[in-house]
Structures are given as structure tokens and as C-alpha cells.
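Undergrad: Go ahead and model the full structure; you've got the sequences and the hints to work with.
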Amino acid sequence: AQTVTQSQPEMSVQEAETVTLSCTYDTSENNYYLFWYKQPPSRQMILVIRQEAYKQQNATENRFSVNFQKAAKSFSLKISDSQLGDTAMYFCALLSGTYKYIFGTGTRLKVLA
Amino acid sequence: GAGVSQSPSNKVTEKGKDVELRCDPISGHTALYWYRQRLGQGLEFLIYFQGNSAPDKSGLPSDRFSAERTGESVSTLTIQRTQQEDSAVYLCASTPGYLSTDTQYFGPGTRLTVL
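For the record, the sequence lines run as chains A and B. Note that our numbering has the first sequence beginning at 383, numbered continuously upward. Note that our numbering has the second sequence beginning at 3, numbered continuously upward.
These are calculated hints, taken from the structure and not from any lab test. Ideal Cβ positions, reconstructed from N, Cα and C, are used throughout, including at glycine. Some hints here could point you the wrong way.
Claimed, not checked - A few chain B positions that, by computed beta-carbon distances, are all more than 10 Å from chain A: (1) LYS19; (2) VAL21; (3) ARG24; (4) THR32; (5) ARG83; (6) GLN86.
To be verified - In silico DMTMM-like links for lysine to aspartate or glutamate, alpha-carbon gap of 25 Å or less: (7) A:LYS455 / B:ASP104; (8) A:LYS482 / B:GLU16; (9) A:LYS437 / B:ASP104; (10) A:LYS492 / A:GLU397; (11) A:LYS482 / B:GLU70.
TA: Laid out in C-alpha cells, this is it:
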């Protein structure tokens, strides 16, 4: 069975500081994709970053980067220089094989002024 | 055009009634997904459309749930004889192509409350 686990229900960080959100997953597939999605209080989810499992290099998008540890099946998201607009629910997701995305339960991040 | 839209944004219904939720994907997007998000939980995959065909309906929780899509356009998710456990936010997403790795563009969701 494929699973995605986010063990931090809530986190907070001071504005301008760095925070790391954890995600572990399980799949028996060799080829898969991992995603981080952000869901602000307005509810509309948007893609933050994605990682192809066959790529060893960690993905980076501006202030967002991932630490992809394939052997450990870990996929953490690092947010640098946190901004108030980063306050949101963050979901880790796995796409393995077909079109069924498996989402974690989310981490609620609050950026403090 | 604009992003994915969903209607209604909120729906309160009584147990046993039928409800219909609507999703308008981004124009030209060929694939469409429905998800359910219960309070405090992650997204639960319900169904995926390639055009107006749904190759896999196994994510639908029960036979009270059904979905259809007209061409590569609007989709409706129907829940018959609603139960309190159906209360959730129902999210729709569309992607430009059929590749499941394409970026999903999400709608704002419909919050369904079954009394």
C-alpha cells in the first residue's frame, strides 16, 4: 500500500526565519513523483514544488526547496526567509504508477510577525 | 479563462437529500479530478476523468456517489441520500493534459454540511 505521513500537525515560525516540514512516504514503485501543495486560508490549493524520484538533485523553487532522501523515503520541504503569506496548510503528496494521488494529512504552518 | 470554479461554495442539506456539486475546469484542460477533504484530514481521491471518460471509479466511497463530465468541460458530482459522514469539502482539480504528472489546478471547493 502507498502511504504518505506528515507527523507535524502544526508548526510556527518567525517571519524571515527558516522552517522545515517533514514528510515520509512508502511505495513499492521505482518511478514516482512527490509534491508539496499549499492551501492558504482561502482554500484554493496550489502546487509549491515537485520532485521526480529518478532525479537525484533536490528541487528548488525560489525560497522553497526539498530534501529528498530516496533510501529513507523522506521528502521534507524547507521554506527560507518565511513570509506572512506562507501561512497555510501544506500537504505532501505521492503519485506512483497511475493517476491516484496520495495526500498526507497536512501540516498547518503559521508565520508569526 | 480564469481558474477552476466550483459551485455552490457552501451547501447545507438534510440527511437523506440528494446534492449535486459542480466543477468548471480551466478551458482546454483535458483531465479532471475530484477529491474529498474531511476536517483535519488530507485529500481523498474520488475519481479521475480523461475527457468525459472515467477509467477508474474505485475511489468513490459508495454507490451513492456518482460523477459525470460533459466533453472536456463541466463535471458534476452527485451524492444521493446524503449521510452525515458525507460532510466535507469537495475539491475539483484540472490539468492541461492527460499526463497525471501535469500540475493540478484546484478549485476553491464546495463545503458540504449534512445535518
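Undergrad: Would you mind marking each hint as holding or not holding in the structure?
TA: For each hint, the structure was consulted:
no. : hint                : result
1   : LYS19               : holds, 24 Å
2   : VAL21               : holds, 19 Å
3   : ARG24               : holds, 16 Å
4   : THR32               : holds, 12 Å
5   : ARG83               : holds, 26 Å
6   : GLN86               : holds, 21 Å
7   : A:LYS455 / B:ASP104 : holds, 22 Å
8   : A:LYS482 / B:GLU16  : violated, 31 Å
9   : A:LYS437 / B:ASP104 : holds, 17 Å
10  : A:LYS492 / A:GLU397 : holds, 10 Å
11  : A:LYS482 / B:GLU70  : holds, 18 Å
Hint 8 from the list above is the single one not met by this structure.
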